[in-house]
Amino acid sequence: MANNYTAFDFVESYTPPEIRRKEKLQNVTRTAKYINIAAVCSMFMIAFFILLVFEHPTVSESENRELEKFPKFSFSALLSGEFTSNLSAYFNDTVPFRESLVPFNSNLKSYFGMISPDDDKNKVVFYNAHIISDDDPNEQSSPAQTNSITTAATTVSTAATQITDASGTTPLQSDAQSSALTTTPPVTTTTTAATTTTTPTPEPQDPNVGIMHEGIVVLGDTGIMLYGGSLANAEEYAGYVNAYKADLGDSVNVYSMVIPTAVSYYLPDEFKQYTRSQKGDIDHILQHLNGVVNVDAYSALAAHTDEKIYTRTDHHWAALGAYYAAQEFCKTANVPFLDISEYDRYSVDGYVGTLYTYTNESSLLNNPEEFVYYKPKTENYTTTYYSQSFTNPSVGALFNEGITNKSSLYLTFMRGDSNIVHIKTSVTNGRKLIIFKDSYGNAIPEFLTGSFEEIYVCDMRYFELNSIEFIKQQGITDVLFASCAFSAMSSNADYIEVMRTRQPNQ
Amino acid sequence: MALAEISFLYIFLPLCLLSYYITKNAKARNAVLIVFSLIFYAWGNPIGVLFILASTVINYIAAILCEKFEGKPVAKITVTSTVIINIIGLAIPKYTAFVTENINAVFKTDFEIPKLIVPIGISYYTFRAISYIVDAYWGKVKAQKSFPQFLMYMTLFPHIVAGPIVRYSTVESQMAVRKIDYSALSSGITRVVTGLAKKVIIANNLYIIVEDFFGSATSQVVISSRTVADTWYAVTIYALFMYFDFSGYSDMAIGIAKLFGFDFDENFNYPFMCRTITEFWQRWHISLGTFFRDYLLYLPIFGKRRPYASLFLVWFSTGLWHGASWNYIIWGLYFGLFIFIERLITKKRLKKIPDVIMHIYTKLVIIIGFGIFFFTDFSNLWDYLKNLVGANSNALADVYVKSSLTNNIWLIAAAVFFCFPIIPKIKKFSEKSDTLTAVYSVSETLINIILIIICTVFLTLQTRNPFFYANF
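These protein sequences, in sequence, are chains A and B.
Number 17 in our numbering belongs to position 17 of the first sequence; there are no gaps in the numbering.
Position in the second sequence counted from 1, then plus 1000, gives you our numbering.
Next comes chain B alone, as it looks inside the complex:
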């Protein structure tokens, strides 16, 4: 089940909220969340539940052991082996086919490519588990003695499928009892609606444009016939799509969690506002970046002594984490390269470069990068890169891009507009006077209602569009 679909929004979520709020007892409320989360997880893939349950049991026991044998070798052995088990648990289903394909390609062997079930959200829950066990070993968090509470952390449905990678330390104090006041509830609701609108109104419709130019993710068109302007236009739309799709999903997850009294950390902070690529990654998918910073760089073989090697290790891993395909790895290393260069230039000198140049540079790197992310097929990727610089002897522009732009201008304008932190600014401004605050609150409700209506209409008739997410 996905968050932005009719059956989740109007059946699962209302049922879950009703059951949660008619229960008064804190333990019973947690039980409600666990039951609904397991149902949510099992919905598309019942076998996957066994994987996540196994991971939960192993990490639960390991953390208690680490705490019990604090400072002793047993703790170290436990944490090391548990982390390795977690990584193997992620790597086998996700990367076996990829590794086999590459072995076959390099050594001309003919091993059968195994078709393994990849449990939904495995990349996310494995990282949550690793953050927990390592934090428990470091003594940053107390080992959770209550299995149900730990199970709730691992399976909580808002973040189970696509993050954010919520650290246990963030929600540790919220596990047993949570208090919710009307203000938090109201802001949670607005957050859900905002995320839904970002996903359904903006992202889904931007993706239609992307598919029109580049084909769908799995059946990519031969893009060599696209003009230079087509390619730039479509990849820019794709970058916008990625932001609205992913951050909209994160908004929904954070908002839904709020409805049950959880406070998750932010996952996006207006990434396109960045001045450097380093800053982009502090604003984009924050929970992933901080995970690698806090846990991977701790690895003794790299760490601070070999800063550049560890930098590329992080970016290799970031790429690989996104998917078992070389283009993701290239995409990760591509960002690593720019961050490496930025480090060589040093922060001080970067600051002296005019803002305009920095913004043009970063947006170009990011937009071109998303093209690398999109094209899993290498010949298409190559054609795409050639198109960007006009090396395919295609026209510079044609009526196609003009038509698409004319027909989507307000959608694109809205997308660009909301890449800027306008709403927080308006909110902050409204706080200056009470009248404005009141006006803000009232319009919030009105806008929510309008957005829900539009989103519901779009979702209801989503299947109407034959080109949307076809074969995705």
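Chain A with its partners taken away, still in its complex shape:
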């Protein structure tokens, strides 16, 4: 039986090249599947590891809000499902390193469109805007179609509080709380402000202290908030400020300065149908003022639209805009006014404001602007910060410099809205001014340090005292209402009446 093989036996051990190739490819496919399993599973495990091991952020700087907190355990919270829902929300909201993903996220989304991020100057993006019909100029903005946001310098909160998305995110922190990040003194929360307004009439319709805007349009690197308002709101505002004049009599001058926003000057004609005319509403107020002196900020600003009087990425104005408005006010009030040459210009780079927060638009994020403020060359004034009920005085700087959170740079002006601010200057003309303002007003006082002996700055939304009594107690000679058109023509204006009709010493 030896040597029983044939000459063809070698065939069995020989595999033709095509079969070998086939086997090899099958191996590749099998290996690819193993790699697929291994790769995806390890990505999930890495994510699992990151979520459990790395520190969770507590604050989002780019969004200017506090992130979800780890929920407190209790059996009742467990039984109601609250604990577990909040636990999910905590993990969903506080992914480690989330802030470093922000630019990536925005840029990724900008690839959905035809215009690449490099060419985003030509971009036009609308956010929740709609055509505002001309046929009914008295149309009241209905809450269903308007978007309410807070005008405080720390503004992000309402946008944030409205998020209750399908994945179970819970309402987020109030803006005043997030402003505590950058402001040193104790901060009154918006909740307090809201509760103080419960008794007097008329009650503000919106407990969130919001202004109504009609969406946002982003034109390249510039965001513009679209305006709603109505003639009825304008009349209401006029009535509120007229009542001050009636209460205070001839010894006190009352001024109304309704500040137009960027939409009045920078919205191209082709988009005009998405906004109401602020000029029209401001003129309507003027017709209804009775004894109150109008400060024509509209024309003052209109003369300087080629200068940087508004911010591109934030819904506020720029310091230069406030300068021209203050100039107009001083002219109207017949007081001296310090020229801009008496100020030093300071600036901070990398400012990306609230309009980015609302829209998440990469063309804003990728084109940060310069945040500018002007400090008097000679500081011959002292600034004292009080609580909203005029207690706890503490002397501090007028400018809150060194803010690290670049989206909150507007808080540089008098630390935002959380205090009653008193400025004592070296002027001796017997004029004492009180400003009732929204956050637009924060940028004004430094330009009045050479105009009035004393200046009180109060936020109409958070002020907790009776305004008439306060005006009399402080011996005020001039009262200025300074707010943007959005505030004047929305439920924010109701606070003017709330302050006046509030029980004294409450």
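Mixed in with the good hints there might be a few duds.
Derived lysine-lysine pairs resembling DSSO-like cross-links, with alpha carbons at most 30 Å apart [as the list claims (entries may be wrong)]:
| id | chain 1 | residue 1 | chain 2 | residue 2 |
| --- | --- | --- | --- | --- |
| 1 | B | K1115 | A | K22 |
| 2 | A | K24 | B | K1432 |
| 3 | B | K1428 | A | K24 |
| 4 | A | K22 | B | K1179 |
| 5 | B | K1115 | A | K72 |
| 6 | A | K22 | B | K1145 |
| 7 | B | K1076 | B | K1140 |
| 8 | A | K432 | A | K472 |
| 9 | B | K1432 | A | K22 |
| 10 | A | K24 | B | K1425 |
| 11 | B | K1145 | B | K1027 |
| 12 | B | K1427 | A | K24 |
Label pairs and their computed distance ranges (CB to CB) [unchecked claim]:
| id | chain 1 | residue 1 | chain 2 | residue 2 | range |
| --- | --- | --- | --- | --- | --- |
| 13 | B | V1416 | A | T58 | 35 to 45 Å |
| 14 | A | E401 | B | E1112 | 57 to 67 Å |
| 15 | A | Y266 | B | V1365 | 43 to 53 Å |
To give an idea of the chain A side of the interface with chain B (calculated C-beta under 8 Å), a few residues [said to hold, decoys possible]:
| id | residue |
| --- | --- |
| 16 | S100 |
| 17 | V102 |
| 18 | M114 |
| 19 | N128 |
| 20 | L320 |
Everything labelled a hint here was simulated from the structure, so no lab data went into it.
Because the structure is a prediction, the values reported are computed rather than measured.
For every residue, glycine included, the Cβ atom is placed at its ideal position computed from N, Cα and C.
Given chain A, work out where chain B should sit, using these hints.
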């Protein structure tokens, strides 16, 4: 907990998979699945667990009784009463408020609208239970003797919240022991990632557009100011959103089930490829359509003797099942009407109509239909319908729609592209040669990795967008 969120994907799922695969014993593996499923279900609504447990116990016992008394009246009584209990269990929490509102409206009464807890996924698990008990009565499936196994079927977390309505008969053989090979595992993983991408990259971003034009589902804007083009554009985007949202979710459910060795039936089959509306419903939410076909039409009062009455009953029920609101019922009947008309025309004559016309007709009906689905408020719904035909004296088009289209063109193009069965075609083509198969497998992994990264970034920063799902 939802499937497409960070805490599920990167905490719950890894923990569940780890626990499952370190356990070797089949019974222990089932126990792992039951425990995780109950935790999953209890996560947002612990009380809801009692509802699903009660339903599980009742149907478990009833099926055993049906089998024991097969052919006897007891079985018939048992199945009838169990089905009724199931329906009542669904109807009371889901429809009491709706019925009360309507009674108040019609009879000018002032009954208090009760606020009842609606257990998550109740519409789905009730239908699963009904399919099981009826199949057990018909002898199509054997009554499950093991309570844990039946509990696992009822509560299995991938399909507990939003389906598909997996029939017991589909998974009967997979209850006790399941085998998983690397190939199934790999395809399961790809399926999960595909579903996730459909939901997170496409659907979520399409919804931002819808909200921009129509407002969110609960605070719908007064759409009378939208132009004709706005309305058509937004409702088309909404139809695309619905497909990617729902089918993405189904993909994830099917894929996750695969990771544990289950094979679910498909729930979507490229619905926009349909030539007739009848066909659309054979491709859209398949598990719901087949449920009504197999169980509701069996009802003796209708059945085959009264085909048209039963047709409208099915479509009324389909509408009502989607939610306790009249617009859903109208939406269901609207589809019923077209299916009725198609039946009158007959299949034979429909075939003679050119494809182009059929496709235009079906897409129009489907897209307009989703608008009816969206607008729960009747005055908005009316404005929407008027807008479609330009009866609101608004402009035909404006810069708004142009801007939205410019800024989302690739997203929309991708959505439309993936409505066609491109990927199955590519896969089939790749199977022609081994080299292509290998290339396909390798690119599958690469694409999965890229998609996971993008989805994770989007999910991480999802809360950034103030308009997304607000008040939803």
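Hint numbers not upheld by this structure, sorted from lowest to highest: 1, 6, 16 and 20
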